[in-house]
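Chain residues, written in single-letter form:
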Amino acid sequence: SQTIHQWPATLVQPVGSPLSLECTVEGTSNPNLYWYRQAAGRGLQLLFYSVGIGQISSEVPQNLSASRPQDRQFILSSKKLLLSDSGFYLCAWSSPGGRGDTQYFGPGTRLTVL
Amino acid sequence: QKEVEQDPGPLSVPEGAIVSLNCTYSNSAFQYFMWYRQYSRKGPELLMYTYSSGNKEDGRFTAQVDKSSKYISLFIRDSQPSDSATYLCAMSPYGGATNKLIFGTGTLLAVQP
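Sequence order for the protein chains is L and R.
Note that our numbering gives residue 91 to position 91 of the first sequence, counting from 1, and the numbers run on in steps of one.
Note that our numbering gives residue 44 to position 44 of the second sequence, counting from 1, and the numbers run on in steps of one.
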């Protein structure tokens with residue numbers, strides 16, 4: 001069966017510091033990968049998605065970036081965090097070549113920027 | 001107007017009640033409809049998936065889609081305290097890797113023992 005991991009689970013960072021969140025998927029090859037941010041009362045906002053190694057599509061212009069250095073690894077980064085970057089970050093995967101709408105989420109990383 | 005509207009609740013019901021959760025949407029191109037359950041401080045878990053109109057049943061859960069009214073529902077029968085969570089609806093116009101899911105903001109449900 002497939003599993004998805006995210007770490008760290010929680011993170012408190014000062015404004016202006018860098019960020020690196022990691023997501024890995026097990027039990028599948030060449031998954032589609034997604035990064036979402038969930039803010040209170042605002043639902044899930046798609047930030048990035050990737051259909052393969054090195055292929056990243058950005059949905060929202062901001063100071064975040066994403067990379068996919070390996071088939072089942074997806075990284076969310078920032079060079080300088082803003083207060084507005086606080087939120088619950090979720091990674092998701094879907095089957096390659098299948099319906100991208102059936103997405104499965106990881107446990108999330110709660111980021112607080114002070 | 002948001003593409004997907006969902007009452008944030010909270011919705012409080014006694015154990016054993018039938019729960020009705022709803023979403024409305026404005027984009028008539030949506031064809032795929034999903035319900036996710038999210039426990040506090042956890043990632044969303046896919047509950048139900050429906051294509052186009054109609055009903056789908058899975059145990060105590062029933063998903064309904066009425067495309068003519070642009071309205072979807074999730075019914076929970078014999079609700080349990082363990083059903084207490086936030087329920088998110090999601091939808092998309094088509095499948096495929098580059099498809100974007102549009103989520104509602106979620107309804108917080110509390111089932112009282």
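Everything labelled a hint here was simulated from the structure, so no lab data went into it.
A virtual CB, placed ideally from N, CA and C, is assigned to each residue, including glycine.
There may be inaccurate statements among the hints.
Every beta carbon over 10 Å from chain L, so not counted as near; a handful from chain R, in silico [to be verified]: (1) Val4; (2) Ser53; (3) Thr62; (4) Gln80; (5) Ser84; (6) Thr105; (7) Ala110; (8) Gln112.
Chain R is nowhere near these chain L residues, computed Cβ spacing over 10 Å in every case [said to hold, decoys possible]: (9) Gln2; (10) Leu11; (11) Ser20; (12) Thr24; (13) Leu46; (14) Gly54; (15) Ser77; (16) Thr102; (17) Gln103; (18) Thr112.
Across the chosen pairs, the derived CB separations fall in these ranges [what the hints assert, rightly or not]: (19) Pro18(L) to Ser53(R): 41 to 49 Å; (20) Arg41(R) to Asn63(L): 21 to 29 Å; (21) Glu26(L) to Gln1(R): 38 to 46 Å.
Hints versus structure:
Residue-level check failed: valine 4(R) sits 8 Å from the nearest beta carbon of chain L, not beyond 10 Å. With a minimum CB-CB distance of about 16 Å to chain L, serine 53(R) clears the 10 Å threshold, and the non-interface call stands. Separation of threonine 62(R) from chain L is adequate, the least Cβ-Cβ distance of about 19 Å exceeding the 10 Å criterion. Every C-beta of chain L lies more than 10 Å from that of glutamine 80(R), the closest at about 22 Å, which supports listing it as non-interface.
With a minimum CB-CB distance of about 18 Å to chain L, serine 84(R) clears the 10 Å threshold, and the non-interface call stands. Distance to chain L contradicts threonine 105(R) as a non-interface residue, since its nearest Cβ pair spans about 4 Å, not more than 10 Å. With a cut of 10 Å on Cβ distances, alanine 110(R) stays outside the contact zone with chain L, its closest approach being about 17 Å. Its beta-carbon lying about 23 Å from the closest one in chain L, glutamine 112(R) satisfies the requirement of being farther than 10 Å from that chain.
No beta-carbon of chain R comes within 10 Å of the beta-carbon of glutamine 2(L); the shortest separation is about 12 Å. Listed as a non-interface residue, leucine 11(L) keeps its Cβ farther than 10 Å from every Cβ of chain R; the least gap is roughly 14 Å. In this structure serine 20(L) is separated from chain R by more than 10 Å, as the shortest Cβ-Cβ distance comes to about 19 Å. Remark: the non-interface label on threonine 24(L) is consistent with the geometry, its nearest Cβ contact in chain R lying 14 Å away (cut-off 10 Å).
Annotated as non-interface, leucine 46(L) brings its C-beta within 10 Å of a C-beta of chain R; the closest such distance is 6 Å. With a least CB separation of 15 Å from chain R, glycine 54(L) remains clear of the 10 Å interface cut-off, as annotated. Separation of serine 77(L) from chain R is adequate, the least Cβ-Cβ distance of about 20 Å exceeding the 10 Å criterion. A beta-carbon of chain R is positioned within 10 Å of the beta-carbon of threonine 102(L); the least distance is around 6 Å.
Once the 10 Å rule is applied to beta carbons, glutamine 103(L) is inconsistent with being away from chain R; the minimum gap is 6 Å. No beta-carbon of chain R comes within 10 Å of the beta-carbon of threonine 112(L); the shortest separation is about 13 Å. Between proline 18(L) and serine 53(R) the CB atoms are about 48 Å apart, so this pair conforms to the stated range of 41 to 49 Å. A C-beta distance of roughly 25 Å is found between arginine 41(R) and asparagine 63(L), which places it inside the suggested range of 21 to 29 Å.
One distance hint, 38 to 46 Å for the beta-carbon pair glutamate 26(L) and glutamine 1(R), holds here, with the actual separation near 40 Å.
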